[in-house]
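Can you build the whole structure from these sequences, using the hints too?
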Amino acid sequence: MAKYYYFCHNFVFLQVLRKSSLYRLTRYAIVILCLIFLVYKVLNIDNPHIVLQHFCKASCQRFLLLVVAVALLPVNVILESIKWQTVLRNIVSLPFAKALSSVLFGYTGAFITPNSVGEYPTRALLLPEGSRTQAVAMGFVGSIVQTMVIAACGFVSLFFFVQNTDFSGIDYTKIFISIVLLLLLAVVFVSKIHTVGVFMQRSRFGFVRKIGNGLYYTTASQLVKLITVSLLKYFAFSTQFLLILIAFGLDIAVIEAIVAINVFYLFLTFTPLINIFEVAVRSSWAILIFGRYSVNSISIIAASTLFWVMNFCLPTFVGLFFSGKKADDENINVSDRKKLRF
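Heads up, the sequence shown is in my numbering, so the first residue is 542 and it goes up one at a time.
By construction, these hints were calculated from the structure, which means they are not laboratory data. Relax, there's no trap hidden among the hints.
Here are the computed distance ranges between Cβ atoms for each label pair:
#	residue 1	residue 2	range
1	Val-611	Val-795	18 to 24 Å
2	Phe-604	Ala-692	31 to 37 Å
3	Ser-762	Phe-604	41 to 47 Å
From the three backbone atoms N, C-alpha and C, an ideal C-beta is built for every residue, glycine too.
As structure tokens, then:
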């Protein structure tokens, strides 16, 4: 929830960026800060020799698991780009290539801000000037959907995590009932999205009204696609994490891993994070949760660190190359934008 607490500052940030000179200065400042912070984080990873040692000792089979995990990285980025395209459909007709570059550049802003709150304003820098504030608000709508997916999977898994130590006697009827309830909640959310939007439009807080406007003009088909893509993305990076854990020698049953990963992301999502301590927080949660099934803390720390480097540092580094791209209005159709009251 801390990410949502910080979100209101994004709109002030975007208002400042309306002037072109300050706009360019901000983009270059983001790149410089990101480079400095990226180098600092890589050089100050706790026990980097542990990661290298486990990597060198990996068998051929485990090395292949790491290769598959790396192959899932572009899948995550592509799914996020599709989600970004979908959430902006009522504002701009964004080509996939433009959505991809915007998402990659957004990693740089996320990297240097607490709880990644700078991600959407940084993405918006590559969009036409008149649509940036709307894009940040709609980006937050996409973030809500992704958080709902993580929370839904996490809370169901938390029930089994607390109740069961031995998963051999798990009651699959409860799983079926949980899935049905989640589907019903999803149907209610989709059908009542406009009602939620109207309610939020009455808020005294400006950023809440903007989100309410975004929800009000979000169509049911658009929301269904957002939920679907968010589920696919969650499945992709959860599978990626599982492969890395196994590659680093964590001996855990698949059902136990699924439950533990869902609980891990639930706690991590709702933990206020300062990026300078993110690796430590990730490792702490990982040891606390996966330590229930394995005493191999070194493998857990190494896997958690590599996962962070792979999914945060690498995309951030690639995103730096998109800092020089202009917000080319000619390649983005803004004429189809609906009359959103932002």
